[in-house]
Each structure stands twice: as C-alpha cells, then as structure tokens.
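Residue numbers (this note's numbering), protein chains in the order written: chain A, 5 to 144; chain B, 5 to 144; chain C, 1117 to 1214; chain D, 1117 to 1214.
No wet-lab data here; the hints were simulated from the structure.
Heads up, some of the hints might be wrong.
[To be verified] List time: in silico DMTMM-like cross-link candidates among lysine to aspartate or glutamate, alpha-carbon distance up to 25 Å:
#, chain 1, residue 1, chain 2, residue 2
1, B, Lys-131, B, Asp-120
2, B, Lys-123, B, Glu-138
3, A, Lys-131, B, Glu-138
4, B, Lys-123, A, Glu-110
[What the hints assert, rightly or not] On the chain A side, residues computed to face chain D include the following (Cβ under 8 Å):
#, residue
5, Ser-55
6, Ala-60
7, Glu-93
8, Lys-123
9, Trp-129
10, Trp-134
11, Asp-136
12, Glu-138
[What the hints assert, rightly or not] Reference excerpt, derived from the structure (chain B facing chain C, CB under 8 Å, subset only):
#, residue
13, Gln-9
14, Val-12
15, Asp-19
16, Pro-65
17, Glu-110
18, Lys-123
19, Ile-125
20, Ala-126
21, Pro-127
22, Trp-129
Every residue gets a Cβ at the ideal spot worked out from N, C-alpha and C, and that includes glycine.
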Amino acid sequence: MQPFQPFVITAAPLDPAPLVAYAQTPDDGAVVTFAGVARNQFGGRSTAFLSYEAYAEMAVPVLARIAEEARARWPIGRVAIHHRIGTLEIGETAVLVVVAAPHRQEAFQAAAYIMDRIKEIAPIWKKEHWADGEAEWRHE
Amino acid sequence: MQPFQPFVITAAPLDPAPLVAYAQTPDDGAVVTFAGVARNQFGGRSTAFLSYEAYAEMAVPVLARIAEEARARWPIGRVAIHHRIGTLEIGETAVLVVVAAPHRQEAFQAAAYIMDRIKEIAPIWKKEHWADGEAEWRHE
Amino acid sequence: MITIHVRLFAAHRDIVGRAEMTVQQETGATVGAVWERLVAEYPSLGRYTGRLLYAVNQQFAEPGAVLQDGDEVAIIPPVSGGARRIEPGQVCNRFNPL
Amino acid sequence: MITIHVRLFAAHRDIVGRAEMTVQQETGATVGAVWERLVAEYPSLGRYTGRLLYAVNQQFAEPGAVLQDGDEVAIIPPVSGGARRIEPGQVCNRFNPL
Chain A
5 MQPFQPFVIT AAPLDPAPLV AYAQTPDDGA VVTFAGVARN QFGGRSTAFL
55 SYEAYAEMAV PVLARIAEEA RARWPIGRVA IHHRIGTLEI GETAVLVVVA
105 APHRQEAFQA AAYIMDRIKE IAPIWKKEHW ADGEAEWRHE
Chain B
5 MQPFQPFVIT AAPLDPAPLV AYAQTPDDGA VVTFAGVARN QFGGRSTAFL
55 SYEAYAEMAV PVLARIAEEA RARWPIGRVA IHHRIGTLEI GETAVLVVVA
105 APHRQEAFQA AAYIMDRIKE IAPIWKKEHW ADGEAEWRHE
Chain C
1117 MITIHVRLFA AHRDIVGRAE MTVQQETGAT VGAVWERLVA EYPSLGRYTG
1167 RLLYAVNQQF AEPGAVLQDG DEVAIIPPVS GGARRIEPGQ VCNRFNPL
Chain D
1117 MITIHVRLFA AHRDIVGRAE MTVQQETGAT VGAVWERLVA EYPSLGRYTG
1167 RLLYAVNQQF AEPGAVLQDG DEVAIIPPVS GGARRIEPGQ VCNRFNPL
C-alpha cells in the first residue's frame, strides 16, 4: 500500500478520515478540518455544478509550501491538504485542509490562513457552470 | 431510527461523519469541524488518561444555546456539537463542533467562538489523570 | 422554610463526598446563601467563591436569585478550561444575551 | 534564440485555444516578454495584465526573471477566488518567505 500523501491533487472524491488519522498525534489536543464544498449559488445566481482544473505538477509543492508557511507561524503539528479537480456536483467537497495542534487557537488560525493562501497562490482554478447553461472561470 | 440529535452528551466514542452530514446543506460552501482530543501531556507533565463529567440535563440545552449565540452573530447554517463523558484514552475525541456556512470566514469564526463558550459556560468538567498516578480536576 | 435540592460536581463533589443533597433554607433565601452555607460546612470549598456559575432548575442564575420551595440549585465550578486567549475587542462577558 | 515551453490554464487556455505552446524568444528574454508576446497575439488576454502570477519550471517567478533555453513558463491567472477578507494587521503579501 502506498503511504499516505499529505498533499494531493486528485479527481477522486475526498474523505476527511484518512487526513485526520495522518495529522493527529498524541501531542495534539485539537484537530481542525476545513471542507470547501460546491454550493448551489453564487451572488444569487444558481449553480448547476463546478469544475476545477490544476497545474498539478506545481500545485502539489505549493500546497506543501503553504503548510510550511503555517508551521513557521504557529506552533502546530501535522497538516494535510487534498484538493479535488474535475467535475463536482453541488455538495461535493473541493478541498480538505486538516491541521492538528496542541491547542485549538493555533489550529483554527493556521487552517484559516492555509485556506486564504490556497485561494491566493495555489495554481487551481474553478469554473462555475450556471443553472442557465452559461459557464465562467471564477477569476473572470 | 432516532433522528439525528445535533446537541448530545454521550459516553460513546465520537465520529464526525454524521455531524457533517447533518450540518451541510446545498447553501453551504464551507464546513468546519473541530475535534478536541485527549493529549498526552499538559504543561510538560505526562497524562495517562482523562475523564469527563457533565451536568447532562443542563449541558445539552447550554450547547444548543451556544449554537444560537453563534447563529445570532454570524451568517452561518447548521451547527452540531457532541461532547463525550467518561474515560478517554490519549487520542480519543472529547468534543466535536461542526459549523456549516455559505462562506469559510464565518464558519471558522463561529466554530472558534463556540469552543470558547463551551469552555466558559458548558457544565462539563475534565479530570486529568497523570501518568504518576495523581489526578486533578482541571478547574483546580 | 423551603427545601432546596443541591447538585455538586467535579472537585466540589469530591470535597463534599456527595453529588446531591437536600437542604432547608429560610423562605426568601438566595442562591448565594446556599453557597455560603456549603462553604461554612466545607471550608475547602471557599477558594471557589467568585469563580462559580450557578443554575436554578437548569437555568443560569445570579447569586442574588431568590429560591422557591423545591428548586434544584446546581453549583457549577469553573469548567474544563484549556488556555483561552481573549482577542482585542472580543466580547467576553459570560452571559451573552441571545 | 531560446525555446520556451508555455503552459496556459483556465480562461487563458480558452482564449488561446491551447494548453501548451512552444515559442522562440530572444536570448535574455524575460517572463514578462513572453506574456507581452501572448497579449500581442491574443489581445483579449490583456485584461489579465497585473493580475497574474508566473512560474518558471514550477517555481513562482517575477516578470523580470530572465529565461534559459528550454524553460517551462506557466501563466497563472488569478486563482479560484472566493470572498477574501483582509483582517487589520494581516500579512497579505503574496510571496511570504518561509
């Protein structure tokens, strides 16, 4: 069996359980799991589904780098980040971020920071497919 | 089958999956799960295990009240809080807080707030059983 | 006289040796009076004065709340703790109105 | 002359109609020069100028970075977004040193 990979870009559905199992160690009192999920509308306009595309060769090391940034800022333990690509139905998970830490404040802060940084620099793009049939990249 | 209860005090091990399934709706773009877990030491002193006790008749409505406080402060969706009592080995989950929301910032803020409030007012107490055989309630 | 059911938890229960007790109080007695009586009987409870929450019939109550015959008074020692950080501007009153 | 492999993504790929292309540039050409050349050929890319990140061989690079023969240049349009709130005092430079 392949060892668990903490930083992954995948077309397969995401499950938080293995990320939590990897991240949590006996030193940790807090584990924060963030799931970013496909929602049914944006700005009042109905969404049919989403698609995600990544520059995967670069996105994986960027996710690892973002985790290292967080570890340099807060006393946290292990971090795992899995991001999905391809077509996502409403309710499906696009990204999972798991941060384990001795204390909860740092786990929350680091998880929020990691999500902000993913939205800033990870080379992953989202296309909104509206219910009316139009579609647009969300960086338009 | 009994319907899912969002606010629970239980002696059974905790699993986040049903809380997430309950909390997430098609309106939500973010689901934050916080797990508070038994860690192996506090202040450098080794912990053997923990035990939790609750004033359960009051703790369940207090958890519901804390969720309502959070919903009054931030535009969030559903909240679920399960707290375990009894004996917990290192690594076992003592509390799960799940917050779903349209946007991630509010989900993070509400989850952190809910944990702060649980620590302030929920009538639930933790006893630390040290590896050296001593034990003390953590409000000592 | 009124009859009050008292619930004790965690370290308080260890000190008193009981999780529940029934006490007789003067008519018009307050929650705080129940606590003072407990401290008089079990002086090692005294160091918790000022660090408690109280509940009457499972609702948070101030020490000045007047009791009725048959009320259940819970003495709520400081809860399970964990390092809490108060952020600038954060609301930290213990009884936020909904 | 040097040969540069260009990677295009998302809306850029839609505009250009290709995910990858190979271009010849003058020796000493910069990342920014590759972008300017793309904009000259596909003017509707122009509105992304100033909102991009660049990478050379999968490492973030500034527009002034000088290219070597065989480099892979990725044009990284603004990423997937979502409302971001900048908190007071929050560090929001895009390239935090580790």
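Evaluated hints:
no.: 1; hint: B:Lys-131 / B:Asp-120; verdict: holds (19 Å)
no.: 2; hint: B:Lys-123 / B:Glu-138; verdict: holds (23 Å)
no.: 3; hint: A:Lys-131 / B:Glu-138; verdict: violated (58 Å)
no.: 4; hint: B:Lys-123 / A:Glu-110; verdict: holds (16 Å)
no.: 5; hint: Ser-55; verdict: violated (10 Å)
no.: 6; hint: Ala-60; verdict: violated (10 Å)
no.: 7; hint: Glu-93; verdict: violated (17 Å)
no.: 8; hint: Lys-123; verdict: holds (5 Å)
no.: 9; hint: Trp-129; verdict: holds (4 Å)
no.: 10; hint: Trp-134; verdict: violated (15 Å)
no.: 11; hint: Asp-136; verdict: violated (19 Å)
no.: 12; hint: Glu-138; verdict: violated (13 Å)
no.: 13; hint: Gln-9; verdict: violated (18 Å)
no.: 14; hint: Val-12; verdict: violated (17 Å)
no.: 15; hint: Asp-19; verdict: violated (21 Å)
no.: 16; hint: Pro-65; verdict: holds (7 Å)
no.: 17; hint: Glu-110; verdict: violated (16 Å)
no.: 18; hint: Lys-123; verdict: holds (5 Å)
no.: 19; hint: Ile-125; verdict: holds (6 Å)
no.: 20; hint: Ala-126; verdict: holds (6 Å)
no.: 21; hint: Pro-127; verdict: holds (5 Å)
no.: 22; hint: Trp-129; verdict: holds (4 Å)
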